[in-house]
Every structure is written in structure tokens, then in C-alpha cells.
Amino acid sequence: MEVKFRAQDLFSELALAQGITDRKTTIPVLGHVLIEADEDRLKLSVSDLDLSLRTSCQAEILAAGSATVPLQWLHDYFRLLPPESEVSIAASAGDTVEVTLGSARSRLRGGDAKKFPDLPALPQDTASLPLGTLANALRKTMISVSADTGPYSYQGGCLLMLAHNSLGMVSTDGHRLSLYSEQASLVGLPEEGRCLIPRKAIVNLEKVLAVAAVPDGEEGAVDFAQDGNHIFFRSGRRLLTCQKMTAAFPEYARVLPEQSEISILREFPTDDLAATLRRVDQFAPQESHAVQFVLDDGELRVTAKTALSGESEASVPTEYDGKRFQVGFSARSVLDFLGVCESDKVTLALKDPESVAELSVPGLGEGKQHRYVIMPIRQ
Amino acid sequence: MELTARVQALVSELQLAEAIVERDQPRSDLIHLEVVGDSLQFTSQGHSLLLRTTCPVVKVVSGGAIAVPMRRLLAYLQLFPADAEMEIAATDKDMAKVTLVRSETRIPGLAGESLGVGLESRLDAGQPTPAVSMPEERMELPADLLLEALSHTIFSVADEQSHYTIEGAQLIVHRDKIGMVSTDGHRLSLYLREVSTGTVREDVQCLIGRKAMTELKRILEQCEGSDDEPARVEFALDESHIYFQTPRRILVSQRLGGRFPEYNRVMPKEFNATLDLDKETFAPVLRRVSLFSERRSSAVRFDIENGEMKMQAQVFGDDADMLHSEESIPVDYAGDPIRVGFNARYILEFMQICTGGAFRLHIGDPRSAALMEIPDKAPGTDYRYVLMPIRV
Numbered sequence: 001m002e003v004k005f006r007a008q009d010l011f012s013e014l015a016l017a018q019g020i021t022d023r024k025t026t027i028p029v030l031g032h033v034l035i036e037a038d039e040d041r042l043k044l045s046v047s048d049l050d051l052s053l054r055t056s057c058q059a060e061i062l063a064a065g066s067a068t069v070p071l072q073w074l075h076d077y078f079r080l081l082p083p084e085s086e087v088s089i090a091a092s093a094g095d096t097v098e099v100t101l102g103s104a105r106s107r108l109r110g111g112d113a114k115k116f117p118d119l120p121a122l123p124q125d126t127a128s129l130p131l132g133t134l135a136n137a138l139r140k141t142m143i144s145v146s147a148d149t150g151p152y153s154y155q156g157g158c159l160l161m162l163a164h165n166s167l168g169m170v171s172t173d174g175h176r177l178s179l180y181s182e183q184a185s186l187v188g189l190p191e192e193g194r195c196l197i198p199r200k201a202i203v204n205l206e207k208v209l210a211v212a213a214v215p216d217g218e219e220g221a222v223d224f225a226q227d228g229n230h231i232f233f234r235s236g237r238r239l240l241t242c243q244k245m246t247a248a249f250p251e252y253a254r255v256l257p258e259q260s261e262i263s264i265l266r267e268f269p270t271d272d273l274a275a276t277l278r279r280v281d282q283f284a285p286q287e288s289h290a291v292q293f294v295l296d297d298g299e300l301r302v303t304a305k306t307a308l309s310g311e312s313e314a315s316v317p318t319e320y321d322g323k324r325f326q327v328g329f330s331a332r333s334v335l336d337f338l339g340v341c342e343s344d345k346v347t348l349a350l351k352d353p354e355s356v357a358e359l360s361v362p363g364l365g366e367g368k369q370h371r372y373v374i375m376p377i378r379q
Numbered sequence: 001m002e003l004t005a006r007v008q009a010l011v012s013e014l015q016l017a018e019a020i021v022e023r024d025q026p027r028s029d030l031i032h033l034e035v036v037g038d039s040l041q042f043t044s045q046g047h048s049l050l051l052r053t054t055c056p057v058v059k060v061v062s063g064g065a066i067a068v069p070m071r072r073l074l075a076y077l078q079l080f081p082a083d084a085e086m087e088i089a090a091t092d093k094d095m096a097k098v099t100l101v102r103s104e105t106r107i108p109g110l111a112g113e114s115l116g117v118g119l120e121s122r123l124d125a126g127q128p129t130p131a132v133s134m135p136e137e138r139m140e141l142p143a144d145l146l147l148e149a150l151s152h153t154i155f156s157v158a159d160e161q162s163h164y165t166i167e168g169a170q171l172i173v174h175r176d177k178i179g180m181v182s183t184d185g186h187r188l189s190l191y192l193r194e195v196s197t198g199t200v201r202e203d204v205q206c207l208i209g210r211k212a213m214t215e216l217k218r219i220l221e222q223c224e225g226s227d228d229e230p231a232r233v234e235f236a237l238d239e240s241h242i243y244f245q246t247p248r249r250i251l252v253s254q255r256l257g258g259r260f261p262e263y264n265r266v267m268p269k270e271f272n273a274t275l276d277l278d279k280e281t282f283a284p285v286l287r288r289v290s291l292f293s294e295r296r297s298s299a300v301r302f303d304i305e306n307g308e309m310k311m312q313a314q315v316f317g318d319d320a321d322m323l324h325s326e327e328s329i330p331v332d333y334a335g336d337p338i339r340v341g342f343n344a345r346y347i348l349e350f351m352q353i354c355t356g357g358a359f360r361l362h363i364g365d366p367r368s369a370a371l372m373e374i375p376d377k378a379p380g381t382d383y384r385y386v387l388m389p390i391r392v
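Here the protein sequences come in this chain order: A and B. Per the working numbering, the very first residue in the first sequence carries number 1; after that it's consecutive. Per the working numbering, the very first residue in the second sequence carries number 1; after that it's consecutive.
Calculated directly from the structure, the hints in this document are not laboratory data. One thing to keep in mind: the hints can contain errors.
What the hints assert, rightly or not - Here are the simulated DSSO-like cross-link-like pairs (lysine-lysine), alpha carbons at most 30 Å apart as the crow flies: (1) Lys305(A) / Lys59(B); (2) Lys305(A) / Lys323(A); (3) Lys4(A) / Lys279(B); (4) Lys4(A) / Lys310(B).
Claimed, not checked - Covered stretches of chain A, going by a simulated chain B footprint (3 or more residues, C-beta under 8 Å): (5) 105–118; (6) 277–291.
The C-beta atom is built at its ideal place from N, Cα and C for all residues, glycine as well.
For reference, chain B alone in the conformation it holds in the complex:
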């Protein structure tokens, strides 16, 4: 294998692979490089994920393949100007020779080392890699819609600390709407958008893991479409895997087991108050007050009455520091006084996707779920953030 390429072309593919390959084991960060036609193909794998991408090269001298430790290669290439030309060659089975401006480096590639985890294809260094084949049955999804769905739901996916069984979101691909829903047991994000009929042949729902979501989001962020021809993603499923494919990249994820709860049943319907709020006045205040809350629960108490919303937090300690903070902002509300507590962190995470500034908060009684919405959203979009109150 021998070829010439621009540093930037390799760096962008290696950066995508970086989040996938595991850090924990030595030799686990190998990336498989192979000349395919007149481009260079990258295959990387981590627990339950496989990413295959290609990048254009300046010149291919000879074909072949090698596996190299990706973090070292990435860290090295990042020290060169992005538009520098580099040569990369597999000298023999074990070494990748990288030549750039007055520099020459040999990196041991671990030949014969298996990269495969769980997937049928075992990728051996030095051997031509078997094709990662998308199933025949595929659907085309708009890339921007999928990206929106990911950013609106990814933050409420359960993590190790949340003791919730499903560490992933439900992907909803229906004939009339596409979207995602995620929950960690304390809050739930639902994003759906109407699509014109004909895009999707049959209704499909499946779970997609947190790590696959993060990676897919990064891939989609680099997808360039135009107004005439918006970028599209091919999506397919088989019994054990989910596939997403863009023109140069394919991501394969193992399917998560488990059943996503009936989210329509937890959607609150009745409220005592509906408040129209503005992120710019609300968020800095909540951030300050929450500094004085218990670290674990981030509990902040909201008292709403007489056109005022008071936020309050405190920490009781035996001989630790006693903290207390309260601050208020004006709101358009004249009904009965309301007192309710929420985890401030959950609300602040919602603020991050509330790019327009305005949002709406529906509050029921102090023990039932509240609902947050963004009023100025794109037509046909349904986004709801359901938040369980906490006792204060």
C-alpha cells in the first residue's frame, strides 16, 4: 500500500473514528486503512459500533491494507499544516511509513490483530476487509431532520448513573412522521416531524444506543446538502444491527435489547399554569441559584405568584457550609400560587437546545409531570420535554 494524501483529509476521518474506538485496552484503538479504488478507506470498531469511511487521496501508487493505532497517528498528523501533503505506505506487514515535510515516521501496525467485536466480519490487518453490506431494504431519511432529532433527545438518554435499563433512544420512522424519543426515568424528550408520505414504506421503531447517537450526530454535522438537494441518510435494519449510510460514511451499530416504555401514556395533559418564558432572563438566574443546591439533586424550588417567579435553593449541612440563594424574575401569571421543585440541571440542558430563546413551561400540580415546549419551531415539528418534579 502506498499513497499520497492531504493531512486534513486523514485528520477528519481519524477524528470521527476517535470517539468510537475504545481507550481502555492497549491495541484497541487500531484503525484499518485500505486502498479502495482511488480513495483510502478507514474502518474502526468499538464495543457495539463499526464505522467505515473513505477519504479522497491525491495519488495512489499501490493498493493494500494495514491497521495502525489511530490516536497516535492522529496526534502526530495534527502537528502538521492541514494542507500539507503526506505519503503513507505499508513497508511490510507490520509498519506504516508516514512521510511529510522533512519528516519520516514508522508506526507499528499490529498485523493479524483482530479488530472485530461482535460483528460477523472479522477485520484482519493486512487482509482485504470484507464488505460491510447494508441490507437491501433501505429507507432514505433527511439528514437535517435526523440531526435535529438527535440533538433534541440525546441529553435525556439514560447513562450509567441513572439506573435506567435502556441506555438509548427510540428511533421512530413512520410513514407520516420521523423522530426520536428518549428518557432516563426522570425526564423524557420527544421530537417528531411530519414527513410527506412516500418517503417511508413501513412503520419502523428501534432502539439506538447513546454512543451510536453521538457518533451519528458527528457524522451528520459534516453532511453537506444544498437547498435544492438536501443531504439524505440511508437507513436500514436487520435482526441485530442498525445501519446509517451517507455518501462517504457508514455507521453500523448493534441493536439494543429492551422495550421502550409507552411514552404517550406519560405525556401530561392537564396543567394549572402555562408560562411563556425567555431563556435570556431565565437561564442565568437558574444557573446562579442552582449553585446553592445540593450537588446530587440540583433541586431548585420555584414559587410562582403575583407576576413573579422566585427560584430558591439551599444546602443544609451539619457543620458543612449552609447555603441559601433566592432570585426572582417577572412572569406573566396571575393565578393561584404554585410551588414546585425541579432538577435545575435538567432544565439547563433543555435550555441548550432552546436556540430561539423563547420557551413555554406548563406546570400541573406539584406531584405531576411538567411539560416544556419551544413555541417558534419549524412547521410540522412536535417537540416536547417532560420533566418530573422533585420534592422540595
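This is chain A alone, in the form it adopts within the complex:
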């Protein structure tokens, strides 16, 4: 195999691939990227057995063939190359891969392409999802996916809900729940349905969509498909596949507060509330980030106290002249929402100090829904 290409073209793909491979893997080939020279492209594949990414970059193929190369090395090396430089990679017998640019010649031991795991084939029928909508849904719901539970619990994934006229996602880690949906027409969707996508796939899909090249004036689309075990997302030349999660997602609608139950509804400037929470959080317990929200006398007071670090109090003015209302929340949870809400105002809806509260975005626009439900922390 021998190929020639621009350093930058490969590097941008390697950077995406880095998120997939598991650095601590005990199977050497899973730390490698499979490179295949085919027609006018250099194809790249990485996999951790559950999640895989296939992509390619433009290249001049001098000799067809394939090899695997340690991804970490390749990535570190290409980071040091001038982006515009022309590089060639050649693989010969004996697993040696040679990288050449100008006077620079580097060799490293690759692996046998045959040992690379087989990746699932993209099914024939794919549905087309609007890229912007999917990216929004990912960004806004990935904050409440649990990082600790792993793939066997529904808390470790996001539920993707596809209907003929809407796309939505929901996730919860048991302390908070994020829901986002938009009206959209999903072309080619065979049937309405839901599937649970694991956290690692969510994180990497978000990165893939963030670098997707969408021509001006177009919406951009992501091809979506599933087979018995796998979910497929294709954005341009990049194809991400992951194993389906088998856990059942609970009936989340039950935890969403009803309009009629809400006793206090207040709007706050996002930046002001975020700055206040960040400051008070310094004095909240490190594990729980528990702070108290006190609504009283025309202001929202946020307070926190720990024996070791001291106590802090800050306030945000708001029109409130009702009875004193106090409830505890994790400052971190609220800040997570404020970080992805993309609005300069947020609405806080409260029922009573024992019930869940809801944060939402006022005036979001026709057909859009963004809700964030948090459990109170008892003092």
C-alpha cells in the first residue's frame, strides 16, 4: 500500500478517531487505526468493539492495500507536522509502516489488517435526520447522562425518539432529566420508534456533527439506520456505529410537572443566575454541590454552607412578594442546564420544597421543547 495526502486532511480524522479507541485496551489491534487505500481515498476505521467510526480523507493512491497503525502515535506525530505538508504512508510486508515527508522518514510497527474486527454493514434503508436538530438534541440532553453507571443502566444513555414529524431526545441520571424535541420531517423513516444510545456514542456523535461540512444555505442531514443490534449515523463521509443499549428507559413523562401543579413561576437572566451559582458553589459541599434557593422579599437568595470552607450568600433580584420559599438544589445541575440553554433568560417553575422543579427556556419557538427537571436536595 502507498498513499499520498495532505497532513491536515488525515489529522482532522485522527482527532475524531481518538475519542473512540480505548487507551487501556488489552487487545492491541483496538488501539490501532485501520487504514485502507481505495480508489481516490484513504479510508480509516477505529473500533472499541461496541462503538466504531469509519471515515476517510482525500488521497492519491499509488498502490492499494491496507494496514493497521497505532493511533496514538500517528496522532501525536501528525500534530507536529505543518498542516499543508504532503505526506505519504507506505505499508510493506512485515507490518512495517513508513511515513515520509520531505527528508523525514519514520517507521513504526503496524499490525495485520486481517486482525481488525469486522464492522457492521450499514443497512440499505436509511432515514434522513436534520443535522441541526439532532445536534441540538444531543448537546442539550447529554448533560444529564450518568458517567458512572455504564451501558447496562438506562441512566448511561440518551433515548432518541423518532416520529414522522418530530425528533426528540431524553436522558436522566436519577437526579435530573433533560428533554429536547423539535418538529422536523424525517424523510425515509420506516416506522416511529425509540432507541437508547450509550454515552460514549453520544459524545462522539456530537463531535462528528460539530465538524460536519454543511454547504451554505442547506440544512445538512444525517443518515440514520438500525439493525438488530446496532445503530448507525452517517454524516457525509463519516459513519458512526454503536451497539444498542438493551436497558428499558422508564416512563419519563410521569416525572414532568403538570402546568396546574406549579405554584411559583419566575424568569431569571441566565448569566446573572450562572455567575451567582458559580460563586456560591465554592462554599457548597464538594460532592453534592447542594445550595439553598430562597425566594423572599423581591429576591432569589442562593446560600451554601460547609463547616470547613465557610458560608456564602448571593442574590438575584426578582419580582416576588409571596411567602418565603426555600428549596435545595445541586448548583452543578442547574449550571449544566444554564450552560446549554442558549438563551439569555430561563424560567424556573417550583411546586413545593419536596417536589421536582423545572427549568425551561421561554419563547423557544414554534414546535420546539426544552425541559429540564431537577430533584430537590433535602437539607
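Chain A is fixed; fit chain B onto it per the hints.
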């Protein structure tokens, strides 16, 4: 104690103190705040170092002192706009009350907790702090010279891993020259600059520890002088401490024990080749090649012949990945072929202070030390970087 100050004024002093106070123990990061005249004085201590600084305040309401955990206070204040005005007050012996824009915070200050380590003065919270007194015998050094000396030598000071006895540099204050020299046994940096006679009364040499160097460098970077009146540092020594004082700050460091080696004896004098090189072509190549070297030694082999310098590195493994890289750059050299190995990391660290771009490499035989120099340096400056070769 009660006063009003700008957030930025406190943040800059706390940031200076941050590197000094230890992280390892709870309560070890206390900083002592005291109203002195119409400014606020900060005293912080770590192993073998003491820093006392002052910052201007907007208004003093009442005097007094308190000790507070500095990292928490710093992290908190950094979340406010730099020009915000804050009030800080010691409510009673144990609490510091900080009031800013719609916020009020109480931080426990640990009263009676001793801050002192090793120094005579024991600093008790709530008590007026004793003066840290500079010895009478002082010398004035130009701040920019000292800063240059620090940045040119600090990277070759031995650390815990280098198994070298002296974790510090030798400060040289002579009547005709001022500078520093440091070594970790594998390389040596020497920076000296001629000074006009009369600045220094007597020749002094002393060891200054790595941490004190880092802190002094940070203090000097904030020293503002002008062309007419360059910033100056007062320097003094007693039996066990070194003192550096700028208008608002004083740093006291314990003196290191040990004897710095006779550095003039290791200075190589004879060379087989002298190469004029340019950082922009040389450094990226070395950085790439060294990626393929053994992590510990960073060994890179240099082959110089026929107007070409070839850099080469490799890793042999049993079943680990075998790596090999070679790259070459043109050089102006037509003598006998030379083959020599160096630790690439040591050369790359030298590159960081080589701001002009051009540097000179003198190579002797493969077992004797090489010498690196920067040709376009300020007049009267002597900077030499001596590098031991490694076997390749």
C-alpha cells in the same frame, strides 16, 4: 479589621502566594492578611520560603489581622469582575467576611494557627505580625538582569528525578559581573552579565532553591521599571536566609546547603565542529524525531556530514512497537563526519530561551561535552549551555 479594595488588587497578590503555600496538608494554605497603614499586607509561607507583599486598598475602616485559606479566597474572588469593589472584614477572631456585589461570604480563618516553618518569626493569626527584617547589608541588583539570569538557568536545575544533590542554582554577585549557574549533572547553564563597578561592594555567591527561583521570577515579571529608572531588586544574605525585596514585595528563602561544583572546570574548550543553526528549521524537526525516541532518555542521534545534519531516533521493543524516525536539515559543514547523541528534551528546553532564533552548537568528540550559545545576545552577556552527550 475592615477595608474596601478592588478584586484585582487582591487577586494578583494571592496568585503570587499560590505557588508558595503547600498543597499537601489541610490548613497549610493559610495566608496572613494585615492592615498596615493604608494598605493590606499579605504574608504566606511554604517549606523554606516566605513571601510578604502589600497591595493598595480603596479605604481602610479599621486595622487588624486575620489568616484565611488562600486558595478558596482566590478561587472565589476570581469569579468576580476584576474592577469590582469588595469589602473584607474580620468579624471576630475566626471569620473573614467578604462582601461584594449582592454577595456575602464568611470564610473561617484559623485563629492561633501557626504559619511559621523554620523561620524565626512565628506568625499567629489575629496577632500583629512581626516585621520580616532585611539585614542592614544590602545590595541593589537590576531586576531585568536577574530575571534574564533566572530564565536562562532555571530549566537545568536538578529535580527529584535527577538524583543530583543540589536542587538549586548558584547566584553569582561579583563586583564586575552578576549571574547564575545551574546544573543537574547532565547539562549546565551559565548566565553572566558584566556590570559597572560600584554596584556591588563585595563578591558573593550563594545557592538559591528551585522553588525560590520560580517565585522570584514571577515577582520580577511584575516589576515595572522605565528606561530612565530601571526596576531594581534589593538583595541581602544572612547565615541562613536569602532576601529579595522589590518596592511592594519581599521574598525570604532558606539557604541551601551544599557546594556548587567548580563549573569552570567542566566548560569544554576544544571542538571539532561549530554549527550555526536556526531554531525555526531545527526545533520542529527535533521535536518530531524525538517522538520516536525512548521516553526516558529521549536519545536522538545526530549525524553531520556533507552539509547535512541527520537526526535519528528509535525504540526497540520485544513485542512493543518498534519505532524509527529520521529527518535531516541542511547545515553549513564540510568537515569529517560526526556522530553524536543527545537528550532531545534538553536541547528543546534550550530552544525555549533562544528567542532570537539563531543559535550556535559546538561539538567535540562523541564523549565530551557540547556547548550551545546564542550569538545575538546583549553586549556584555555570557551565556553558555553545556550538554553531555549520550551513547547512541
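Hints, one by one, checked against the model:
1. Lys305(A) / Lys59(B): It holds: about 29 Å lies between the C-alpha atoms, which stays within 30 Å.
2. Lys305(A) / Lys323(A): holds (23 Å)
3. Lys4(A) / Lys279(B): holds (28 Å)
4. Lys4(A) / Lys310(B): Holds, because 23 Å separates the two Cα atoms, which is no more than 30 Å.
5. 105–118: Check passed, 5 qualifying residues.
6. 277–291: Holds: 5 residues of the region 277–291 of chain A have a Cβ under 8 Å from chain B.
No hint from the list above goes unmet by this structure.
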